[in-house]
Amino acid sequence: MLDLMFQYEFMRNALFAGLVVGIICPAIGVFLVVRRLSLMADALSHITLSGIAAGILLSKKGTLFQGISPMYMGMIFSVIGALLVEQLRKAYRFYQELAIPIILSTGIGLGVVLISIAKGFNVDLFSYLFGSVVAVGRNDLWTIIGVGFVVLLSIYFLYKELFALSFDEEYARISGIKRRMINLVFIVLVALTIAISMRIVGILLVSALITLPVAAALQISHSFKQTFWISIILAEFAVLGGLITAFYLDWASGGTIVLFSVFLLVLVLFVKKIVLKKD
Amino acid sequence: MKPIIECKNIHFHYNQNEVLKGVHFIVEKGDYVGLVGPNGSGKSTLLKIILGLMEPKQGEVKLFETPLGSFKEWHKIGYVSQKANSFNSGFPATVFEVVSMGLFGKLGLFKRLTREHRSIILEAIDQVGLSDLAERNIGKLSGGQQQRAFIARALVSSPELLILDEPTVGVDTESVDKFYQLLGKLHQEHNLTLLMVTHDIGMMTHHVNKVACLNKKIHFHGSPSDFEANQKAVLESAYGSNMNLVEHRH
Chain A
43 MLDLMFQYEF MRNALFAGLV VGIICPAIGV FLVVRRLSLM ADALSHITLS GIAAGILLSK
103 KGTLFQGISP MYMGMIFSVI GALLVEQLRK AYRFYQELAI PIILSTGIGL GVVLISIAKG
163 FNVDLFSYLF GSVVAVGRND LWTIIGVGFV VLLSIYFLYK ELFALSFDEE YARISGIKRR
223 MINLVFIVLV ALTIAISMRI VGILLVSALI TLPVAAALQI SHSFKQTFWI SIILAEFAVL
283 GGLITAFYLD WASGGTIVLF SVFLLVLVLF VKKIVLKKD
Chain B
1459 MKPIIECKNI HFHYNQNEVL KGVHFIVEKG DYVGLVGPNG SGKSTLLKII LGLMEPKQGE
1519 VKLFETPLGS FKEWHKIGYV SQKANSFNSG FPATVFEVVS MGLFGKLGLF KRLTREHRSI
1579 ILEAIDQVGL SDLAERNIGK LSGGQQQRAF IARALVSSPE LLILDEPTVG VDTESVDKFY
1639 QLLGKLHQEH NLTLLMVTHD IGMMTHHVNK VACLNKKIHF HGSPSDFEAN QKAVLESAYG
1699 SNMNLVEHRH
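If you read the protein sequences in the order shown, they are chains A and B. Our numbering numbers the first residue of the first sequence as 43 and each following residue consecutively. Our numbering numbers the first residue of the second sequence as 1459 and each following residue consecutively.
Hints in this document: simulated from the structure, not taken from any laboratory. Incorrect hints may appear among the rest.
[Said to hold, decoys possible] If the Cβ cut is set under 10 Å, some of the chain A residues that face chain B in the computed set are: (1) V72; (2) V76; (3) R77; (4) F136; (5) E203; (6) K220; (7) S265; (8) F266.
[To be verified] Under the rule of at most 20 Å between Cα atoms (straight-line distance), these lysine to aspartate or glutamate pairs were calculated in the EDC-like manner: (9) B:K1534 with A:E212; (10) B:K1506 with A:E211; (11) A:K132 with B:E1531; (12) B:K1564 with A:E211; (13) A:K220 with B:D1630; (14) A:K220 with B:E1581.
Think of the CB as a built atom: it goes at the ideal place given N, C-alpha and C, for glycine as much as any other residue.
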């Protein structure tokens, strides 16, 4: 049955890209969620939208940018947005969550204006907003694999610092961990993760893949390591299940992946309740 | 005796509000110091300055005879913060994972835990009597057990100095007794130098070998017996007439 799917190059691309995204989204998400920064993913995904819009505009207006995927511009905007969030959090030390709506609305506002200038309200834009498997070209796939690899490697090497900073920032500082530097690297990793994931799940849905598998894993794990791995396993299930279902039923892929994540979360909550009742 | 912490003429103020006015304070090797003072006396600020989390407006701090600015050997210092507010109790981490954090600074960037580190972590957990709970979620432990896990985290890097900030707040009386026994054992058997900030004057004086009383500056620094002999005068000078102490609860 799956043979049919693999006959299409775009489906193979989408599956590979999906598997990469299914690892890095929850891997980054675990640290965001335990630091109570889940909404950061939303803020950065919306600023990515203005980057995409700028990319579309540039490719229409200038010859220099023709043929270059707007994804790169999305990535640049997302990283700049991430750095701005850090600055805003410093400016509003006692209202740190304020940085999120500020960046989020700026992203949407700027995005919509740029798209309207580019006269870009079309199918192409929709594929960025909601994700589209058909849209993952060869070049996109390589970018996703390359950036995904960098993100994963960074998490591998900074795992203990990220863990300590998430648990207790003051203690981490006293024990000699370079808080500022690690936080900066982390926020850039979040930005890169969002920018490369939007091809698969879309700007509006990427935060779901970052937070929902972690939310489910938190319900059933005792340790941080368990939370980390269970989140990844759940996200991979959601991506694979979502892509396959979307292919055969001709549904929107991003939405189907997100619904799968929601389904897994509800299932975990339900099973946990039954097990607890038995005890 | 070798000085471990030296504070010379430390001044600090928040806006117009003077918190520390020329604090001179020395902790020597082998000391077990209880630092007391009323609310707002600058105890936490002094600790933060010693730990390099805040910069004094004036004065100098030395740790292990090295000026704070160039001090790098943070693994020589174990820190136990107030249990309350220090972490999110829904955090998914086991006792083992929490204690392992004590090694991260010493390990340095990009290095990962080896088997040898794991046995050092288990040893520290054993030292505080939590071996059976090593794989338990930290949020599911009692206040006293959590505090012992944090001591293990502070001990895992084999520090020479242990700094504790109101470690018994939110811990039940029975656990507080055990807690002091553990600190006493560490002080004697491992020759650990201890600096503990506390509200609990009565309990503390039975265990420490030096008492320091702070209110913007040091009002007393000496042995517990001297402190008890002059308690009324010292406390009146440090606390003023509005004395409101936490007394020994036995």
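#### Entry: Hints violated by the structure (listed by number, smallest first)
4, 11, 13, 14
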